[in-house]
Structure formats: structure tokens, C-alpha cells
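Once you have looked at the hints, place chain E on chain F.
There are 2 protein chains.
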Amino acid sequence: MIDVIVLGAAAGGGFPQWNSAAPGCVAARTRQGAKARTQASLAVSADGKRWFILNASPDLRQQIIDTPALHHQGSLRGTPIQGVVLTCGEIDAITGLLTLREREPFTLMGSDSTLQQLADNPIFGALDPEIVPRVPLILDEATSLMNKDGIPSGLLLTAFAVPGKAPLYAEAAGSRPDETLGLSITDGCKTMLFIPGCAQITSEIVERVAAADLVFFDGTLWRDDEMIRAGLSPKSGQRMGHVSVNDAGGPVECFTTCEKPRKVLIHINNSNPILFEDSPERKDVERAGWTVAEDGMTFRLDTP
Amino acid sequence: MIDVIVLGAAAGGGFPQWNSAAPGCVAARTRQGAKARTQASLAVSADGKRWFILNASPDLRQQIIDTPALHHQGSLRGTPIQGVVLTCGEIDAITGLLTLREREPFTLMGSDSTLQQLADNPIFGALDPEIVPRVPLILDEATSLMNKDGIPSGLLLTAFAVPGKAPLYAEAAGSRPDETLGLSITDGCKTMLFIPGCAQITSEIVERVAAADLVFFDGTLWRDDEMIRAGLSPKSGQRMGHVSVNDAGGPVECFTTCEKPRKVLIHINNSNPILFEDSPERKDVERAGWTVAEDGMTFRLDTP
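Quick mapping for you: the protein sequence lines, in order, are chains F and E.
When you line the first sequence up against this note's numbering, it's residues 40 to 343, in that order.
When you line the second sequence up against this note's numbering, it's residues 40 to 343, in that order.
Chain F on its own, in the form it takes in the complex (with noise of 0.2 Å):
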């Protein structure tokens, strides 16, 4: 059994994003016509007891408080949270660690790039790597996530690279190879994919989608140049690293003969119209088989 929570399903800044008063925004404001979301990441579970958070977004304190399974119950201190796993740098995928501080032990896996960014910050001194760990990922093997006690989990974690970009604040350091991940998490008989971000979708991810049961794909833009004809930003989704839903070589064109597995869009940024609950692509995707992420979701997969 592989359970999953939907901590968060927004692309940075969240939905709403602080600084916007752009329609969606407002919406998700006022609570009318959209949902509000906070930052990605997911929790995943092999027995509905012990977690792995993967991606620590900046949301992550209230995440956790909105998360009943992930609040410790019995002694003065403790957490069901097992580790977390990192798909990249980003603020938006690890400003959450300094949420996780007061010497709680857990185990952090990043690909040896994103442990570097780590490293080279001291504020994520505040994890004392004696107390939790920092264990490098082996891209394209298999790996048992271990709960604390050192017991498996019964999830088997493979990362894999995937386009990307270096993270905003290190872009002057330039690009590597394990900058971006995919993760794949498997009970041995179920599979979920996790690539909340992806710059280009190669055949190697069309294979892994298509042999999947479950899947989160990067749902960040609707369209390549959203944000620029918004006047949101100068941006384009390639140069932040984001191949774009409904564009040619998308997700939903890409991966519209994989019929076999769930597919849910997340890591949506504040533009993308698919977060208007009645919008035309909203419509759109549904109507192509994917789900459009909300917090608190919930999803399993059943070991028959």
C-alpha cells in the first residue's frame, strides 16, 4: 500500500502569492472561484503511520498543523515524519528544513548538487547533520527508505534526473546534471512518480509515466509565455525550468496514451488558469484525464 497526502499543490509564492492582486489571486483571497493552495509537497506512507515528506516547503509549519497523521501523539516530542526527500534546491522545495529544527532526528536525501546548495547556506546548520543525517541520492537505484528505528519502510525510492535548472539563487554557479529529480516510489507492487518540476519530457519519463500507477507532474504554467502576456514577469516557463501543460511537448500531449496510471498536476503557479474551478482548461485538463491538485488530497494505492 502506498498512501499519499497532498501537503501543498501551489508553485512557489503560493496561491495566493503575497505580492499579487492579479484575478487569481483574488479569487483564492476571497474564496470565490478558486482554491487556495500553499506550497508543494507530498507525504507518502507505506502504513498510514510513518511519513516521508517529500520536498520541505515554506508552508510546511501550518502544513503539518493542517495534517492530523503528522502530528506526534504520546510522549513530549516526536514526529511521524520518518525523513524527506528532496527533488531540488529551490526556496520553494527546502526553506521548510528550518521549520523541522529542535533537534528531531529524520533522515534528509537530496542529490549530492541540492546537499551542496545545502552546505553552502550555514542557516541549515540548524539541522545538525549528527541528528539528521544528510544522505546523498544514488540517481537510478533503488533504495529501502528507512524509518528511524532502522526498520524498512516497504518503499523503495529511485531518483532520477530530469531537465531542469539550478535553483534561483545559485543560478551564477551554473547548471548540473542532478539539479532537477524525479522521484519513484514503489511498495514493490505499486508505483508513484513525483516530478514536481521538468524542463523537457524525455522518453525515459514518457516510459516511467506509462508503467506508473499514480503520478504528480509539474503543472506550473498553462502556456510557455502566461506570465509574460499577464505582465506577471519577463519569464518565460523554460527559463524557470518548467515544460508547460497544454503546450506541444506538454504533459497533456506527452502523456495522453498512458492510460494506466492516475495523473494529477501539481506545483501550480498563481497564473496558471486551471486553478479557476470553472475555467475552459480547468475543462480542459479534466476532460484530458488529469486532476488539477488540491491540499489535503488524499490518494491510495491498494496492494491487491
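Be aware that a few hints might be false.
Treat identical chains as interchangeable: a pair holds within one or across any two.
As the list claims (entries may be wrong) - Restricting the straight-line Cα-Cα distance to at most 20 Å, the calculated cross-link-like pairs of lysine to aspartate or glutamate (EDC-like) are:
no.	residue 1	residue 2
1	Lys322	Glu246
2	Lys74	Asp105
3	Lys274	Asp167
4	Lys74	Glu333
5	Lys204	Glu320
6	Lys274	Glu141
7	Lys204	Asp167
8	Lys322	Asp105
9	Lys88	Asp159
Treat the hints as calculated values from the structure; they're not laboratory data.
Every value quoted in this text rests on a predicted model; they were computed, and no experiment measured them.
Frame of chain F, contents of chain E only:
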């Protein structure tokens, strides 16, 4: 006039703290006998329209959502926030800066030590200094808080050093005299103080409090060995850089003759019994003339 909104009233970790099942945190989580609080921050304004944020807590995104006065209206992007003033470089005072990314101009003010700590962490480069200028505070000198349009806000800020300690993640670098600040803000008529962390109450601090109209003071712990006795941490209040509310040399005792100001405890740790609404300690501090800060509380100092 000075308007103040308490954006958050809790110490680092917030209330409840993510990994705590101590009685206070359970009470806050279940809303039985104690109100939840986000991490300490104030918003201050001379006109109720343009605001300055004192400390950028990790909860700042949620705090802005919960505070209509801080919502931008009108154009696509913007903010009523004119500037952010930091009292120290602790995680609970600076992490919220990462929420204020998105190329939105405002002024960032802090001591040389605190600005150096930001510079030592490239992640804060997400706030491009070309867009968010970093202005070192000159201690003990009144400076006009300027709105973004270059017009004085009507508020004068004086920052002064108080006994404290280096941020947790920078303790190895040793202590610096300007690492912990108190802030005095006046409209030329009324004066408020913000001293969320203070390891020792000096005669200078007593003089400032006696002359002020509104004081927000370090309410981290009730007694110095509170965390140790509760089995929560091996650290004393002194080790964490905080004088304790009810100890000899604490604010209740030292400011007992300061009858002019309204006195408010802020930056309250989740172990502090004053967070229980019906506790004897809560009654004690209220009887001594103190208010225990809550998120969303507002204060106004009127100019006669």
C-alpha cells in the same frame, strides 16, 4: 498615530511546535485552553496604509494572508509593505524574507552583523539587493522610516543593542555587540518599543521602557530552567539569550515601576505557562499589568 498589528506572538517553532506533544502544544492544536500563535512579528504604520514589518517570521506568508491590511489591491503586483526591520539573525526573525521574493521592492534594515549573516547565506540572494536594498542600521541614532515613494512615513526608528546571543546557526562565529537589537519607534509624540529577545535588563532598557507608551518585550520563558524541568531541552533561558518573565531581573520585576506604558509580552515559547488562558501564571502577569500577546491583536497610539 502609530498603528500596530501583532502578526505573530510565539517564539521560534511557534505554538504548537511541529514536533511537540507537550501539554501546551496539545492545547493549542486542539483549541482547548490555549490559542495557537505563529512566530513573532509586528506590523507598524503611521497611516494605516503603509506598513513596516518588524522581523520576518517563517510564518510570514500565512500572516499576510490572515491580515487584510497587508493585502495588495489595484495593480497586478504590489504590497503595502514599505520595509522590514530585523532585530537579529535568528531563523525565526529572518526566514520570512524568503516569502518576500518575487522582485518586489522594499527596504531591508538590520544591524551590520545581521546583514552579514544574510550575506553569508546565498539563499537570501533571492531578494536581489538591487530591488530590495539592504540598509545597515546605525545604532542609537534616529532615522526616518521612508516609504517606497521616498516620502517619510512619519515614523522615526532608533535601534539599540541589547544583551543577547548569536543566532543558533552562527554561534561558532562568536558574539557580536550588534547581534541583538531593540527597536524604538516614534511618531514624534508617542513611542513604542519592540524588544523580542533580551538576555539581561540593563538600566538603559528600564529608562527606555519607563519613557515609552507601548512596550513589546521578550516573554520567551516564565522561568530560566523551564525547558530543562519540563524535559524539553537541556538549555536554560540564559543559554538561549533570554531573561525570564518571572525571575529576579526579569521584566515583571524590573519594569514594575514603569507605569506609563502599556506592557505586552511577545515571543512566547510554547513551554511558557502564561499561554494557558486559565493558568495561575497568566493571572499573575495580567495582575502585574501585562498583556499576553495574541496573533491579530491591534494597538493604536493616538496623537492628541
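Evaluated hints:
| no. | hint | result |
| --- | --- | --- |
| 1 | Lys322 with Glu246 | neither (26 Å within a copy, 65 Å between copies) |
| 2 | Lys74 with Asp105 | both (15 Å within a copy, 15 Å between copies) |
| 3 | Lys274 with Asp167 | between (37 Å within a copy, 16 Å between copies) |
| 4 | Lys74 with Glu333 | within (8 Å within a copy, 27 Å between copies) |
| 5 | Lys204 with Glu320 | neither (27 Å within a copy, 53 Å between copies) |
| 6 | Lys274 with Glu141 | between (38 Å within a copy, 12 Å between copies) |
| 7 | Lys204 with Asp167 | between (28 Å within a copy, 19 Å between copies) |
| 8 | Lys322 with Asp105 | neither (28 Å within a copy, 31 Å between copies) |
| 9 | Lys88 with Asp159 | neither (34 Å within a copy, 39 Å between copies) |
Of the numbered hints given earlier, the model fails hints 1, 5, 8 and 9; all others are met.
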